[in-house]
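K.L.:
With the hints as your guide, set chain E onto chain B.
One letter stands for each residue in the lines below.
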Amino acid sequence: MHVYEHSVLLDESKCTGCTTCLKHCPTEAIRIRDGHAVINPDRCIDCGECIRVCQNKAKKAVCGKLADINRFKYKIALPAPTLYGQFDNLDSVDYVLSGLLKLGFDDVYEVSKSAELVSAYTRMYLNTEGIVKPVISSACPVVLRLISLRFPSLSEHVIHMLPPMEIAARAAKERALRKNPELSPEDIGAFFISPCPAKASYVKNGFGSYNSAVDGVISISDIYFPLIGLMKKTDSPEVASESGRIGIGWARSGGEATAIFNDSYLAADGIDNIIHVLDQVENGNIPPLDFIELNACTGGCVGGVLTIQNPFIAKARLQTLRKYLPIAQNTVDSDVEYIPESYLFEDMPEYHPMSRLGKTIAESMRMMADIQRIKAELPGIDCGSCGAPNCRAFAEDIVNGNATENDCPIKAFRLNSRKEN
Amino acid sequence: MSEELIFRFNVDGDDFTSAGQASVQVKKNLRQLGIDAETIRRVSVAMYEGEINMVIHAGGGVAEVRVTDEYIEIVLDDHGPGIKNIEEAMKAGFSTAPDTIRSLGFGAGMGLPNMKRYTDEMHITSTVGVGTKIVMRVNI
Numbered sequence: 001m002h003v004y005e006h007s008v009l010l011d012e013s014k015c016t017g018c019t020t021c022l023k024h025c026p027t028e029a030i031r032i033r034d035g036h037a038v039i040n041p042d043r044c045i046d047c048g049e050c051i052r053v054c055q056n057k058a059k060k061a062v063c064g065k066l067a068d069i070n071r072f073k074y075k076i077a078l079p080a081p082t083l084y085g086q087f088d089n090l091d092s093v094d095y096v097l098s099g100l101l102k103l104g105f106d107d108v109y110e111v112s113k114s115a116e117l118v119s120a121y122t123r124m125y126l127n128t129e130g131i132v133k134p135v136i137s138s139a140c141p142v143v144l145r146l147i148s149l150r151f152p153s154l155s156e157h158v159i160h161m162l163p164p165m166e167i168a169a170r171a172a173k174e175r176a177l178r179k180n181p182e183l184s185p186e187d188i189g190a191f192f193i194s195p196c197p198a199k200a201s202y203v204k205n206g207f208g209s210y211n212s213a214v215d216g217v218i219s220i221s222d223i224y225f226p227l228i229g230l231m232k233k234t235d236s237p238e239v240a241s242e243s244g245r246i247g248i249g250w251a252r253s254g255g256e257a258t259a260i261f262n263d264s265y266l267a268a269d270g271i272d273n274i275i276h277v278l279d280q281v282e283n284g285n286i287p288p289l290d291f292i293e294l295n296a297c298t299g300g301c302v303g304g305v306l307t308i309q310n311p312f313i314a315k316a317r318l319q320t321l322r323k324y325l326p327i328a329q330n331t332v333d334s335d336v337e338y339i340p341e342s343y344l345f346e347d348m349p350e351y352h353p354m355s356r357l358g359k360t361i362a363e364s365m366r367m368m369a370d371i372q373r374i375k376a377e378l379p380g381i382d383c384g385s386c387g388a389p390n391c392r393a394f395a396e397d398i399v400n401g402n403a404t405e406n407d408c409p410i411k412a413f414r415l416n417s418r419k420e421n
Numbered sequence: 001m002s003e004e005l006i007f008r009f010n011v012d013g014d015d016f017t018s019a020g021q022a023s024v025q026v027k028k029n030l031r032q033l034g035i036d037a038e039t040i041r042r043v044s045v046a047m048y049e050g051e052i053n054m055v056i057h058a059g060g061g062v063a064e065v066r067v068t069d070e071y072i073e074i075v076l077d078d079h080g081p082g083i084k085n086i087e088e089a090m091k092a093g094f095s096t097a098p099d100t101i102r103s104l105g106f107g108a109g110m111g112l113p114n115m116k117r118y119t120d121e122m123h124i125t126s127t128v129g130v131g132t133k134i135v136m137r138v139n140i
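Listed in order, the protein sequences are those of chains B and E. Under my numbering, the first residue of the first sequence is numbered 1, with each subsequent residue one higher. Under my numbering, the first residue of the second sequence is numbered 1, with each subsequent residue one higher.
Calculated directly from the structure, the hints in this document are not laboratory data. Please read these numbers as outputs of a predicted model, since none were measured by experiment. By construction, the Cβ of each residue, glycine as well, lies at the ideal position given by its N, Cα and C atoms. Just to be clear, a hint being listed does not mean it is correct.
[Said to hold, decoys possible] Cross-link-like lysine-lysine pairs, in silico, DSBU-like; alpha carbons within 35 Å at most: (1) Lys232/B to Lys359/B; (2) Lys204/B to Lys65/B; (3) Lys133/E to Lys375/B; (4) Lys359/B to Lys91/E; (5) Lys28/E to Lys23/B; (6) Lys28/E to Lys411/B; (7) Lys133/B to Lys116/E; (8) Lys14/B to Lys133/E; (9) Lys65/B to Lys14/B; (10) Lys28/E to Lys375/B; (11) Lys204/B to Lys179/B; (12) Lys116/E to Lys60/B; (13) Lys23/B to Lys323/B; (14) Lys375/B to Lys91/E; (15) Lys116/E to Lys359/B; (16) Lys133/E to Lys57/B; (17) Lys91/E to Lys60/B; (18) Lys323/B to Lys411/B; (19) Lys419/B to Lys14/B; (20) Lys204/B to Lys28/E; (21) Lys60/B to Lys133/E; (22) Lys359/B to Lys375/B; (23) Lys133/B to Lys14/B.
[What the hints assert, rightly or not] From the structure, some residues in chain E lie toward chain B, with a derived Cβ separation under 10 Å: (24) Val24; (25) Val67; (26) Asp69; (27) Pro113; (28) Lys116.
Only chain E is shown next, with the shape it has when bound in the complex:
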């Protein structure tokens, strides 16, 4: 592995309407790098879901995308409430989103399962009361 390229974004937790902006920017950047369309789509979907999660559950956080010649890694880091039971959270349909969020059409419990589905690797580390860190990789 020679070099890596890092894109860093602050995901604003107060602004629900701007959620998803980082994934749009990442998509643009990856397109400029000449990454193939399917890989871009996978990264973009995973990143978008992660971004929305950070806004809904954690009051925002930091998203970092690293590009190497072998993979694209998305690191999502927040200081939210943490996930009590990761295994349960990974189940399709499981959600702790409040009704206000559900009424907006989010919170269907597909965020984490989709992130796993669209990436080649996904690791979650979370401590209740401290925060959550999710690392995802999509191989190029």
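Same shape as in the complex, but just chain B:
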């Protein structure tokens, strides 16, 4: 069986076994066992909430290191537009791109450039007859995983468009081969400069039957200090940015949605908000909409856990950067009628219900009856002392054989004090 490789890991030596991450995990994937957190890989959606909230820095994202690029003869950087919002007093994206070249990359290909094409093709897609609306964006990998684990009935709403990162990787490699005919495809490595661990998981695992064209993911936070030292103000930067407002706008929530040039959209960000929106879409309880943009991080990609800046400050900086840019610098010719095959993925991953209790409905029903019975006898204060995020999850753990009723210290305490009286 295919094992999903995650990008959020725990450093046991730093974990104190506190209940902070336990309480914040949106899919209840974490338990505290033997004094430290344990992440259930079947439930984890790589959203990075636990990295964000951990006071002890015990949760970390597994990304590549800058040195990894040396595996390849020809190295390409694919910066996410979020990167541009990390620097103080930056007046041109060109300095960031030139800095990346100085870091050791042979070429830089902006993901925002591809984002503008994805937006253009999305507009085309929305005008196609017979599509299921609202169309849900496929750009945030956490949303994709959430839908395939928890909202399978919404799969048909997801646009089968590859995220800009993938389009950029392919286009960058084609450009490299054109410019350097002596290279073979194996010589070229494309590295995404990422605001979030979920992108690293996407690259490692692919999506459905699609294999990522990206060769490695390096976090913005890892690259930030080496890069900032190499960014110089100059009149003749080595590379010129090829992105407009639309492309750079993708870094924040609403950027992708406003680029459909149509008011019939919803853009939600923050993991709890997107779960709520998906619940409402599933119930048909939203106004008729063409497009839904969902970002797991607050503020959109600028809120990714691997960034340096506060998302709102980064957003304000991007606004300044975008101010004098054209709407878009990458467009689709007006005579193009179809979205190219190379922009599309074929299938959603197989539905793996993450929470099914038993093998059959009958078995699950018996187990749920047990859960209800056990839960009714628990204190109901959801303290997390047993290692589960709440009493309900604890009752489930007992029924699944992963905990015993004695693990509840409150219950044990009450029993003891009753005996003493």
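P.N.:
Structure of chain E alone, referenced to chain B:
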């Protein structure tokens, strides 16, 4: 029929913002039971509409979901004003919701018709001044 599983919820009539919570919880539970996605969606939509109705018209009530190996039954019980003419209430677009509710985007007169549409069976019993009981079934 061997066993049945019952989920019971008090639907709070004062709190418009929390309406819909019971249907979200039911959805979670049914997912854990391994019920197929389409059935879950039907139950969830019917339940959500019923819940909203109880909040808008009846000041809340009790919602009960029974799961057996053959069907899922939703029983909504309230002590609201009752429905004068059930046949009329079932017509798409018919609504007695006050303007304040309509201004929130509810009260389009699609609640009951949707509940019927998404379930395999639906029975309403109602007495004016006493309350309304709606029983819906979705076959598994």
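K.L.:
Let me make sure I understand: some of the numbered hints might not hold for this structure. Which ones are they, in numerical order?
P.N.:
1, 4, 8, 12, 13, 14, 16, 17, 18, 19, 21, 23, 27 and 28
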